[in-house]
Amino acid sequence: MLGILRKSLRTGLVTIGDPIRSFDPPPAWRGAPRFDFPAWRDARPAAAACPTGAIAVRDSGGSREVRIDYGLCIFCGWCADACPEGAVRMARELEPPVRAREELVITAVYETDASGAQTRLLDGPSRGVAAPDRVEAAGAAARRAIHKLLGRSLAIREVDAGSCNGCEIEVHSLNNPLYDLERFGIHFVASPRHADMLLVTGPVTRNMELALLKTWRATPDPKAVVAVGACGISGGIFGRNYAVRGPVDEVVPVDVYVPGCPPRPESLLYGILLAVGRLASSMALRPETQK
Amino acid sequence: MSRPDAAALDSLLHEIRPLAAAPAENAPGELRVALDDAARREEIAGALLEQGCRFASVFAEDRRAAEGLFFLYDIVEHPADSRYLVLRYPIAPDQPRFPSISVLAPAANWMEREVQDWFGLEAAGHPNPRRVALHDHWPDVHPLLKDFPANTVLPPLEGDPHVFRQTIGEGVFYVPVGPVHAGIIEPGHFHFAVAGEPVIYLQLRLYYTHKGVEKRFEQMPFHHGVFLAESVSGDTSFGHGLAYCLAVERAAGAEAPAHAQVARLILLELERVYNHVADIGAIATDVGFVIANSHATRLREQMLCLNEELTGSRLLRGLVRPGGLRRALDPAALRAVIEKLDSFAREFEDLVRLIESSDSTRDRLETTGTLPPAKARDLGVVGVAGRASGQDLDVRRDHPFDGYRRFQPRIPVFPHGDVLHRMRVRIEEARESLSLIRAAAAELPGGPASVELPPAASGATALSAVEGWRGEILYWIRIGESGRLGRCRVKDPSLNNWPALVEAIQGNIIPDFPVINKSFNLSYSGTDR
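Going down the list, the sequences are from chains A and B.
Counting from 1, one number per residue, gives the positions in the first sequence under the working numbering.
Counting from 1, one number per residue, gives the positions in the second sequence under the working numbering.
No wet-lab data here; the hints were simulated from the structure.
Hints are not guaranteed to be accurate.
Computed list of lysine to aspartate or glutamate pairs in DMTMM-like fashion (alpha-carbon distance at most 20 Å, straight line) [unchecked claim]:
1. A:Lys-7 with B:Asp-160
2. A:Lys-7 with B:Asp-359
3. A:Lys-7 with B:Glu-356
4. B:Lys-340 with A:Asp-24
5. A:Lys-7 with B:Glu-347
6. A:Lys-214 with B:Asp-160
7. A:Lys-7 with B:Asp-350
8. A:Lys-7 with B:Asp-342
Covered by chain B, per the in silico footprint, the following chain A stretches (three or more residues, Cβ under 8 Å) [claimed, not checked]:
9. 170 to 176
10. 185 to 198
Think of the CB as a built atom: it goes at the ideal place given N, C-alpha and C, for glycine as much as any other residue.
Chain A with its partners taken away, still in its complex shape:
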């Protein structure tokens, strides 16, 4: 007993400040790929290097549409390696969670020459914008209700709908003494009947589809759903096949999408707060030094 006390005293306080505001990953950290669209001469090598199709090019008669989908991105950095001229680099910032799937997609249209090089940026880059009525319908009402009803407390049921368990590692990290999620009044509960929110990881497998649906039905209204990671948003590296049904939002309505593979704990916290309307507006997740 004395040993336990002594160890606790010696350890002292380890909890970090507001994880979102004090976000400060090490220099080697590989964040989100960022693109210098005007300077980008050829998107094809990056598209070929991308293992999930997050970078896609479509050529048609002298023009090229480049589509970047952060919902598919696993943040591996191979696109940056494939573009030695520096038009693609892995930035030290997180791709922030969003309320609508479209907001994770950037498109740009180029003029191309005979060799296939991009000679001029014709249109964009433009980020997808959610249709306002859809956002309203999907989650805003529930968000207001949860916020009003529960104020500062939130109960989450985590559902692994087929993940590789990488996302579970980071959800666990939220509960460690450094991130200490409970200080925000947020805790994980054992039953969907006690939950205000479902945190869903993984591409939804055929075998988990019904279990996810039943869990969602068992969660009382008002409720929110957060789709976690590339797999939860889009199927990620697994895509879709005989065993994988697809992204979470094809099975239950989703309020917030948290990109990452897996998302960092800061991203998860951001997504959770965004879903219950406790984050006033989207803000960038970058280390202080870069703000």
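With chain A's structure known, arrange chain B on it following the hints.
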């Protein structure tokens, strides 16, 4: 002691009559024997088991297009040879069955049923031939057949996913749990039959996270396959990624350069440490010693941060690639990590002292969830759970790869097979890993991080083995056409070990199930694939 590079298998081939006649061929890490008739499988299996061999992986391959046949493979480990024995049996498409060996070798039980489910080849004489990898309510499909399109959309599944066996007796009742559990863990279904509190019989139903991974590998160019391998089991991202890369390298007849070989050892051991420390904490939690877990999760967080400092990823993802590493480890970052490991090691010892000084914790762990060595051997249990039940197996020593040919770990083995010993194995291994990391970092060679692989010949096959933190990971691949894989067999140690949980829980009370399950800490995703 490492195994001599060894004649044990060669003399076996002479002794076992059906094997003696078959053509044998040496390849990196394996001895291949092509049999001409599957009818002899039982006889061969019996002779191999008598020699103390273990069936590590059983799987099939659809080679109808190229060779007009199916092949069934048994990957067998001999206790005194540094090569795996890879037995190949032909199966004619018009007689789609093979003799089961599961009665002789219970280790093959689930894997033979996988072959039934995925290829439609019948394991004749199997003691429990029900579906395992596809649930009972799936239509009659065999997804790993080449003529089954990967993107087939199956109709919505209806009906009962599982029909459980009955347990009959006075006062016996069932406790069904899952697939969605109370904690933040992966999905699976446990069907307990209990009389009062003691568990009489546990039936496991897994494969809820089945994602068609082995099929998916066949769709990807193989430089992309490493990302899929990293997502087979997220907590073993590096171990699976590495095993995949080793297989591709062997198929191409190449090796990673010296720097990458030693760096890979460092990274694999970092993965071992962060998982072991988390498991030690989780075992403490499940017997109510929460403060130990607070320290353990804090220590795991430290390790995840070190992973990130070194590789850019908290789960060590995106660095390993076929041919070596994507980039060399930065010497300055490595020095900083090693310095921080010293304070980690001190804190780790504090944690161990904290747990070991608690008599009530020890009381809960000792004799709980016992897996006797004889059972462990029959079931072919590997890794942490195997070594806690007297199975002296470790790929790093028995089939050394990359840096382990130079740096050899001491392998802790404990006899009782209870939760306490599974925890002890982890404690000893974490210590050993820390000293391996230091030794390897001190002698990390310079030079290039990777080599360009020569193109592998279409049709070539290769086997790789890696000791992940849970145990033996095996990848068997065949190179297909146009830079894709024709087949990729993934074997996570969890696939060997799940059936052992059923044995370990027998006679224990349900409230001890969480700690017993945690002490195995098997991967659902790695098993279900």
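Hints, verified against the model:
With a C-alpha separation of about 51 Å, the suggested pair Lys-7 of chain A and Asp-160 of chain B falls outside the 20 Å cut-off, and the hint is violated. With a C-alpha separation of about 18 Å, the suggested pairing of Lys-7 of chain A with Asp-359 of chain B holds against the 20 Å cut-off. As the CA atoms of Lys-7 of chain A and Glu-356 of chain B are separated by approximately 14 Å, the hinted pair is consistent with the 20 Å bound. Our distance criterion of 20 Å between C-alpha atoms is met by Lys-340 of chain B and Asp-24 of chain A, whose separation comes to about 18 Å.
The hinted pair formed by Lys-7 of chain A and Glu-347 of chain B meets the criterion: a straight-line CA distance of about 10 Å does not exceed 20 Å. For the given pair, Lys-214 of chain A sits about 15 Å from Asp-160 of chain B by alpha-carbon distance, which is consistent with the 20 Å threshold. Using a Cα cut-off of 20 Å, the hinted pair Lys-7 of chain A and Asp-350 of chain B holds, with the two alpha carbons roughly 8 Å apart. In summary, the hint linking Lys-7 of chain A to Asp-342 of chain B is supported, as the alpha carbons are separated by about 18 Å, within the 20 Å threshold.
Closer than 8 Å: that is the beta-carbon criterion, and the segment 170 to 176 of chain A has 6 residues meeting it against chain B, so the requirement of 3 holds. Counting residues of the segment 185 to 198 of chain A whose beta-carbon sits less than 8 Å from any beta-carbon of chain B gives 4, enough to reach three: the coverage restraint holds.
Checked against the numbered hints above, the structure breaks only hint 1 and satisfies the rest.
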